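Here the protein sequences line up with chains A and B, keeping their order. Last residue of the first sequence: 358 (my numbering), numbering continuous. Last residue of the second sequence: 645 (my numbering), numbering continuous.
Read the hints as simulated data drawn from the structure, not as lab findings. Note that the structure is predicted; figures quoted are calculated from it, not measured. Hints may be right or wrong, so weigh each one.
[As the list claims (entries may be wrong)] The calculated lysine-lysine pairs, modelled on DSSO-like cross-linking and capped at a C-alpha distance of 27 Å, are:
1) LYS323(A) / LYS491(B)
2) LYS249(A) / LYS259(A)
3) LYS180(B) / LYS129(B)
4) LYS323(A) / LYS347(A)
5) LYS185(B) / LYS129(B)
6) LYS421(B) / LYS120(A)
7) LYS290(A) / LYS421(B)
8) LYS133(A) / LYS120(A)
9) LYS470(B) / LYS290(A)
10) LYS172(B) / LYS143(B)
11) LYS489(B) / LYS120(A)
12) LYS176(B) / LYS290(A)
13) LYS323(A) / LYS578(B)
14) LYS501(B) / LYS491(B)
15) LYS486(B) / LYS83(A)
16) LYS470(B) / LYS83(A)
17) LYS176(B) / LYS91(A)
18) LYS382(B) / LYS176(B)
19) LYS134(B) / LYS185(B)
20) LYS156(B) / LYS290(A)
21) LYS290(A) / LYS130(B)
22) LYS145(B) / LYS323(A)
23) LYS83(A) / LYS501(B)
24) LYS83(A) / LYS491(B)
25) LYS525(B) / LYS489(B)
26) LYS323(A) / LYS489(B)
27) LYS156(B) / LYS83(A)
28) LYS108(B) / LYS143(B)
29) LYS91(A) / LYS143(B)
30) LYS290(A) / LYS525(B)
31) LYS347(A) / LYS426(B)
32) LYS180(B) / LYS134(B)
33) LYS130(B) / LYS145(B)
34) LYS323(A) / LYS143(B)
[Unchecked claim] Here are a few chain A residues that sit away from chain B, every Cβ distance over 10 Å (derived from the structure):
35) ILE82
36) ASN89
37) PHE154
38) VAL245
39) GLY267
40) LYS290
Every residue gets a Cβ at the ideal spot worked out from N, C-alpha and C, and that includes glycine.
Here is how the chains run, residue by residue.
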Amino acid sequence: MNFVLSLVFSSLAVLVVVLIPWIGVGALNLKILFGVVIPYAALATFIVGIIVRVLDWGRSPVPYRIPTTAGQMWSFPWIKSNPIDNPKGTGGVVVRMLFEVLTFRSLFRNTRLEYSKVDGVPRINYEWEKWLWLAALLFHYSFLVIFLRHFRFFMEPVPGFVTLLESLDGFLQMGAAPFNGFGLPGVYLTDMLLMAAVTWLLLRRILYSQIRYLSLPADYFPLLLILSLGTTGILMRYLLRVDITKVKELVIGIFKFSPVVPDGIGVIFYIHLFILCVLITYFPFSKLMHFAGIFLSPTRNLSNNNRFVRHVNPWNYPVKFHTYEEYEDEFRDAMIEVGLPVDKGAKTAEEGEKE
Amino acid sequence: MADTPKATEVATIDHYRPLFEQGWMNKKAEIKPGIYCYGAKPKNTNAVGMPFPKDWNPTEDDWHLPENWKSIFKEGLKDRLDKFRSLKIFMDICVRCGACADKCHFFIGSGDPKNMPVMRAELLRSIYRKEHTIGGKLLGKFGGGRELTEDALKEMWYYFYQCTECRRCSLFCPYGIDTAEVTILGRELTNLIGLNIDWIAGPVANCNRTGNHLGIQPHAYVGMIDFFVDEIEDVTGVRVEPDFNRKGAEILFVTPSGDVFADPGTYTAMGYLMLFHYLKDMGLDITWSTYASEGGNFGFFTSHEMAKRLNAKMYHEAKRLGVKYIIGGECGHMWRVLNQYMDTWNGPADFLEAPVSPITGTVFENAKTTKMIHLVEFTADLIKHNKLKLDPSRNDNLKVTFHDSCNTARGMGFLEEPRYVLKSVCNNFYEMPPETIREQTFCCGSGSGLNAGEDMELRMRGGLPRANAVKYVHEKHGVNMLACICAIDRAVFPELMDYWVPGMDVTGLHEMVANALVLDGEKKRTTNLRGEPLPGMEEEEDV
């Protein structure tokens with residue numbers, strides 16, 4: 004499947020995702036379905052799906068301890084080891100994992116190959132390339148902040164940290180955009196960053212020929228889905244405003260397990276909500292599970308201590324190997340000839356009697 | 103055997119893809135001479151009881167697959183998913199970010215997009231998705247799933263035997279996805295249906311029977327070492343006296359058989375012999391084994407089970423001889439196996455004792471359960487304690503750089519010890535660029551059983567990034583010697599250097615140690631172990 008087909012397919016899928024609630028609520032008025040039933044189903048799928056997936060991973064044992072060592076091992080006292088990139092115990096592993104999960108440390112190592120041929124001689128350079136790391140980091144953290152900001156719709160009263168986050172997120176923008184205040188609410192920095200980062204992550208899949216080659220619909224689809232999630236969110240905030248009090252009533256109802264569907268919430272909200280539902284439903288069945296998988300990745304979450312702490316493989320089984328006895332039986336004469344000691348054979352009479 | 107194209111031809115590499123092309127799933131692999139290795143001969147697969155032995159040729163259409171090969175493959179995959187969390191995770195969580203793409207030496211050297219590590223894994227992942235995921239089952243290609251066809255199998259085979267399991271990609275992967283693990287298990291699957299390569303199957307069969315990959319029988323092994331003893335005497339005037347299979351020795355020494363077989367590894371073997379001789383009076387009590395005469399493990403390139411079978415000999419022999427612990431020689435994948443697998447497979451070796459250097463009294467805490475230490479750590483400790491009389495100026499004709507083996511770097515983290523030893527025995531040491539050494543080191547291009555003759559083009563392509571870094575220090579600092587701690591490196595670098603960086607020599611670490619080592623009662627040394635004049639001795643007549 005080439006990238007055009009992949010993109011068309013993924014875009015169509017996202018279009019369908021947008022149209023379903025548009026028609027469902029806008030034309031057919033199925034508010035309970037889209038405001039209550041589908042969100043519950045999606046949330047359940049999300050939670051159960053992740054648990055099932057992680058348990059399924061956990062069901063398979065870790066037969067060998069195979070960390071990728073990225074620094075000097077623990078050795079003599081006079082050799083400086085690298086306890087984070089080559090951990091010798093749990094402490095190091097925890098730090099390594101924290102760096103990995105919070106700062107995408109491995110991705111930060113990224114370089115870009117620059118290959119050229121000068122007078123028939125290859126020249127290879129490894130250039131600075133942190134854009135992927137930067138985009139990934141901005142995307143994930145912006146998503147997190149936006150998710151946390153949404154707590155103002157889930158909780159009454161609005162928790163202090165949410166207000167703080169909102170003011171930080173908005174404050175930074177105030178300084179940057181002197182044209183604020185044309186009857187529009189303040190622009191959140193994270194909204195912009197998220198959209199920019201996701202756009203870059205999508206563009207690089209199309210522009211970089213290697214990434215274009217290996218991308219699948221499963222790579223375009225979630226990016227497009229998140230883009231449309233962000234777009235509907237931004238639209239709702241700045242152009243197609245919806246009644247926040249009623250939205251909050253609906254959302255809190257869901258979380259309190261006493262759902263209510265207030266009238267007068269614009270269709271755009273249902274589209275936004277449905278995209279989110281599709282995203283979280285899709286989540287456990289997709290590559291998005293990397294968020295949980297990283298914690299179980301055996302090349303990162305294990306210590307490089309095999310030589311001093313025994314690792315047991317639960318399904319280890321005995322194997323038949325060619326023993327010394329069999330070896331000597333085959334080569335005994337030749338061994339004796341060159342004076343190699345043998346266990347059997349050149350026995351003295353005395354030894355023969357003992358047996 | 104295919105002619106290897108000239109370096110200037112090979113250097114024309116296009117890493118870019120056209121804007122519009124068919125998706126990769128629609129193209130079948132073209133199996134090219136110079137890239138693939140010959141199929142395993144039945145005598146070798148038979149010798150160790152591998153399934154479906156047969157004569158087969160990868161370039162022919164008919165691979166003589168067993169009738170039920172699909173179900174064997176699928177069952178094998180399922181079985182491994184249940185046994186290896188690594189495989190399950192690595193099949194599920196790749197986001198195809200492409201960070202690994204240009205990190206692979208085979209991709210850099212070939213531009214073949216299916217040599218991007220992510221693609222190598224995707225070949226299997228697509229089958230996995232078709233069989234085991236909802237998306238793949240429901241949506242087929244749109245869900246990233248691919249039918250297991252003969253073409254798909256051939257393609258997987260082709261690319262699993264174009265991976266040296268060096269793990270460089272796993273270093274850059276944000277989730278630590280390790281293509282080596284995928285290749286190792288992928289090769290197990292191909293082996294289940296009789297698709298081995300002979301360059302691996304042959305050494306495996308040899309190692310099983312004679313104790314080493316090269317099929318050296320005990321008397322011949324002794325003969326080879328005796329030859330080194332004479333050579334050493336010629337150079338130093340000192341006669342070293344190694345012994346073999348001696349019960350009651352304190353230490354068993356196991357090294358890759360490549361060291362006793364071909365230059366320049368042989369000089370490294372001489373280095374071991376001289377070092378052991380030097381230490382004999384200081385209390386070193388060490389013996390060689392003709393039965394456990396292989397440090398490397400080509401079984402590891404076949405299946406976990408085969409690797410375990412071959413590895414079992416080390417502890418078996420250590421137990422029979424009644425030694426206290428084992429020292430291992432200079433080898434790359436050998437040390438990944440010893441570090442990350444040996445104890446799990448064949449331990450606990452509770453009949454051995456935690457290694458203690460008989461000369462310095464240093465306890466090797468980091469090897470207290472496997473009871474096996476690296477000769478280079480042993481030597482580093484000796485040098486640190488001033489136990490070796492060294493004259494590094496004997497290596498003054500050399501400007502040396504050091505190649506970290508993939509496996510000791512990324513499967514162990516053995517980075518400083520070899521450098522410490524090297525800097526103690528030579529005065530001119532230059533590092534290659536940082537993104538090509540230590541944990542980011544580049545493979546020699548011939549590891550994991552791909553050091554055959556028929557895939558020479560692949561090897562030269564795969565070795566290009568390493569060679570290019572060597573060339574850099576060669577031109578900048580006049581480096582003329584590439585030091586390494588791996589027998590496969592020593593076997594394959596000479597050809598690689600001749601191809602890309604003429605004028606470079608290759609050495610093992612202990613050859614350099616031995617040249618610098620001042621033996622008691624030695625004659626005036628005029629040449630190094632290779633018979634080349636030592637610096638300042640160019641005019642001396644060899645009497």
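Right, here's what the structure says about each hint:
1. LYS323(A) / LYS491(B): It is violated: about 46 Å lies between the C-alpha atoms, which goes past 27 Å.
2. LYS249(A) / LYS259(A): holds, 15 Å
3. LYS180(B) / LYS129(B): Roughly 26 Å between the alpha carbons, so the hint for LYS180(B) and LYS129(B) holds.
4. LYS323(A) / LYS347(A): Holds. LYS323(A) to LYS347(A) sits at ~22 Å (cutoff 27 Å).
5. LYS185(B) / LYS129(B): Violated, because 32 Å separates the two Cα atoms, which is more than 27 Å.
6. LYS421(B) / LYS120(A): Violated: LYS421(B) and LYS120(A) sit about 56 Å apart, past 27 Å.
7. LYS290(A) / LYS421(B): At roughly 48 Å apart (the allowed maximum being 27 Å), LYS421(B) and LYS290(A) break the hint.
8. LYS133(A) / LYS120(A): holds, 25 Å
9. LYS470(B) / LYS290(A): violated, 40 Å
10. LYS172(B) / LYS143(B): holds, 22 Å
11. LYS489(B) / LYS120(A): At roughly 49 Å apart (the allowed maximum being 27 Å), LYS120(A) and LYS489(B) break the hint.
12. LYS176(B) / LYS290(A): Given pair LYS176(B), LYS290(A) holds - Cα atoms ~22 Å apart, limit 27 Å.
13. LYS323(A) / LYS578(B): Not satisfied, since the Cα-Cα distance of roughly 53 Å exceeds 27 Å.
14. LYS501(B) / LYS491(B): holds, 21 Å
15. LYS486(B) / LYS83(A): holds, 14 Å
16. LYS470(B) / LYS83(A): Judged against 27 Å, a Cα distance of about 20 Å means the pair holds.
17. LYS176(B) / LYS91(A): violated, 37 Å
18. LYS382(B) / LYS176(B): violated, 56 Å
19. LYS134(B) / LYS185(B): violated, 34 Å
20. LYS156(B) / LYS290(A): Judged against 27 Å, a Cα distance of about 40 Å means the pair is violated.
21. LYS290(A) / LYS130(B): holds, 26 Å
22. LYS145(B) / LYS323(A): holds, 19 Å
23. LYS83(A) / LYS501(B): Given pair LYS83(A), LYS501(B) holds - Cα atoms ~26 Å apart, limit 27 Å.
24. LYS83(A) / LYS491(B): holds, 25 Å
25. LYS525(B) / LYS489(B): At roughly 16 Å apart (the allowed maximum being 27 Å), LYS489(B) and LYS525(B) satisfy the hint.
26. LYS323(A) / LYS489(B): Since the Cα atoms of LYS323(A) and LYS489(B) sit roughly 43 Å apart, the hinted pair is violated (cutoff 27 Å).
27. LYS156(B) / LYS83(A): Status violated; Cα separation ~52 Å.
28. LYS108(B) / LYS143(B): violated, 30 Å
29. LYS91(A) / LYS143(B): With Cα atoms ~43 Å apart, LYS91(A) and LYS143(B) exceed 27 Å; violated.
30. LYS290(A) / LYS525(B): Violated, at roughly 47 Å.
31. LYS347(A) / LYS426(B): Holds - the C-alpha atoms of LYS426(B) and LYS347(A) are around 23 Å apart, at most 27 Å.
32. LYS180(B) / LYS134(B): violated, 31 Å
33. LYS130(B) / LYS145(B): Violated, at about 31 Å.
34. LYS323(A) / LYS143(B): holds, 22 Å
35. ILE82: The claim breaks: ILE82(A) does not keep its Cβ more than 10 Å from every Cβ of chain B (closest is about 5 Å).
36. ASN89: violated, 4 Å
37. PHE154: Nearest chain B Cβ is 27 Å from PHE154(A), so the label holds.
38. VAL245: Given that every Cβ of chain B is farther than 10 Å from that of VAL245(A), nearest at about 33 Å, it holds.
39. GLY267: holds, 38 Å
40. LYS290: violated, 5 Å
Checked against the numbered hints given earlier, this structure breaks hints 1, 5, 6, 7, 9, 11, 13, 17, 18, 19, 20, 26, 27, 28, 29, 30, 32, 33, 35, 36 and 40; the rest are met.
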